[in-house]
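Let's have the full structure, built from the sequences with the hints guiding it.
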Amino acid sequence: MVEPSDDEILAQERERDRALTRTKLWSVLFWMAFALLLVVAFNYGIPQRVSRWAGLPEAAVVWLPIIVLALLWVLALIYRLRMNRARAPLRPSVQRKLVDIYTQRQRRILIAFIPLAAFLAFNQFNISRERAAGDLAAVFAQGAFVFFMLMMALMLVLGPGFLNSRFRSASADELNRALRGRAGALGYVCAMIALGAVYLVYSFAPPDLGRTIPFCMVLAFLVPAIYYVWCDWRAGRDA
Amino acid sequence: MPERRLGNRLKEIRGTRGLTQTDLAALAGVSRKTINTVENSVFIPSTLLALALAQTLGTTVEELFYIIEE
Numbered sequence: 000m001v002e003p004s005d006d007e008i009l010a011q012e013r014e015r016d017r018a019l020t021r022t023k024l025w026s027v028l029f030w031m032a033f034a035l036l037l038v039v040a041f042n043y044g045i046p047q048r049v050s051r052w053a054g055l056p057e058a059a060v061v062w063l064p065i066i067v068l069a070l071l072w073v074l075a076l077i078y079r080l081r082m083n084r085a086r087a088p089l090r091p092s093v094q095r096k097l098v099d100i101y102t103q104r105q106r107r108i109l110i111a112f113i114p115l116a117a118f119l120a121f122n123q124f125n126i127s128r129e130r131a132a133g134d135l136a137a138v139f140a141q142g143a144f145v146f147f148m149l150m151m152a153l154m155l156v157l158g159p160g161f162l163n164s165r166f167r168s169a170s171a172d173e174l175n176r177a178l179r180g181r182a183g184a185l186g187y188v189c190a191m192i193a194l195g196a197v198y199l200v201y202s203f204a205p206p207d208l209g210r211t212i213p214f215c216m217v218l219a220f221l222v223p224a225i226y227y228v229w230c231d232w233r234a235g236r237d238a
Numbered sequence: 000m001p002e003r004r005l006g007n008r009l010k011e012i013r014g015t016r017g018l019t020q021t022d023l024a025a026l027a028g029v030s031r032k033t034i035n036t037v038e039n040s041v042f043i044p045s046t047l048l049a050l051a052l053a054q055t056l057g058t059t060v061e062e063l064f065y066i067i068e069e
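Sequence lines, in order, name chains A and B.
Just so we're aligned, residue 0 is where the first sequence starts under numbering that gives the first Met the number 0, counting upward by one.
Just so we're aligned, residue 0 is where the second sequence starts under numbering that gives the first Met the number 0, counting upward by one.
Hint data in this document are derived by calculation from the structure and do not stem from the laboratory.
All C-beta atoms in this analysis are idealised placements derived from N, C-alpha and C, irrespective of residue type, glycine included.
Errors might be hidden in some of the hints.
Chain B regions said to be covered by chain A (calculated; three or more residues, Cβ under 8 angstroms) [what the hints assert, rightly or not]: (1) 19-29; (2) 42-55.
Covered by chain B, according to a simulated footprint, are these stretches of chain A (three or more residues, beta-carbon under 8 angstroms) [said to hold, decoys possible]: (3) 169-178; (4) 223-235.
In structure tokens form, the structure reads like this:
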């Protein structure tokens, strides 16, 4: 029997990766559709009607289907992840190419997020200066900003293919781990500086807090992200 | 107390085997960047990687790596 070539194995891995991406997209669509259904149901007062009809508390009518669906979703995910056949280890030459492919993808995502985060921070800074001098609620009402920051932090920690065991083993490449460790250490220092700055501003100039928080949040993401990309670029160059 | 650094002969031994960084990376199952940073002493490899590199190049870890005392 002829052994498949490196490129053939890589093509299979990419197809498997695309299948996983499709699964994730379907999951997202499922939850979005479910959220939309809930909004519609609340709009027409369906939970109240059902609770009256079934003689159940309104909270039970709302939460029970959500909990059941969440459990089913988690069970399906566990089944998808655990009941698959164990995959044979890859040849070192294929493993090396996969490390390159996944690292490149992760780097591109990170690079794309850096200007986005900078733009959002600048935007948020202007919004808060005009509208929210001393009004913290107005700053935190900008949920999209917080969401984006969380998403970027997750992207940095988990990478774009954490459901794929091949991705997990490729991202456990020694150099990648070391670079992530360095960026993480710098991120910790930045986060501590940011927290200190927030505390000082809160103590001495509370009206400026709304302007400080977005700046500090971005500092804690942008500095380690740029440092990681720079270290990764340096690693590919000769001394 | 003298400061210790890790030196290596990776580039030299790789050259004698006629391997490029990419070839060695493919044989050891790591990225080319990993080989590059080890050669340039930017990154200290784990014992596992050091052993894997020595095995791939058909040499010993002591031949490949040494301590520089300053």
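Checked hints:
1. Coverage of the region 19-29 of chain B by chain A holds in this model, with 6 residues showing a Cβ closer than 8 angstroms to a Cβ of that chain against a need of three.
2. Taking a C-beta to C-beta cut-off of 8 angstroms, the region 42-55 of chain B contributes 4 residues in contact with chain A, enough for the three needed, and the coverage statement holds.
3. Under the rule that three or more residues need a Cβ within less than 8 angstroms of chain B, the assignment of the region 169-178 of chain A holds, with 5 such residues.
4. For the region 223-235 of chain A, the stated coverage by chain B is satisfied: 4 residues place a CB nearer than 8 angstroms to a CB of that chain, which reaches the threshold of 3.
No hint from the list above goes unmet by this structure.
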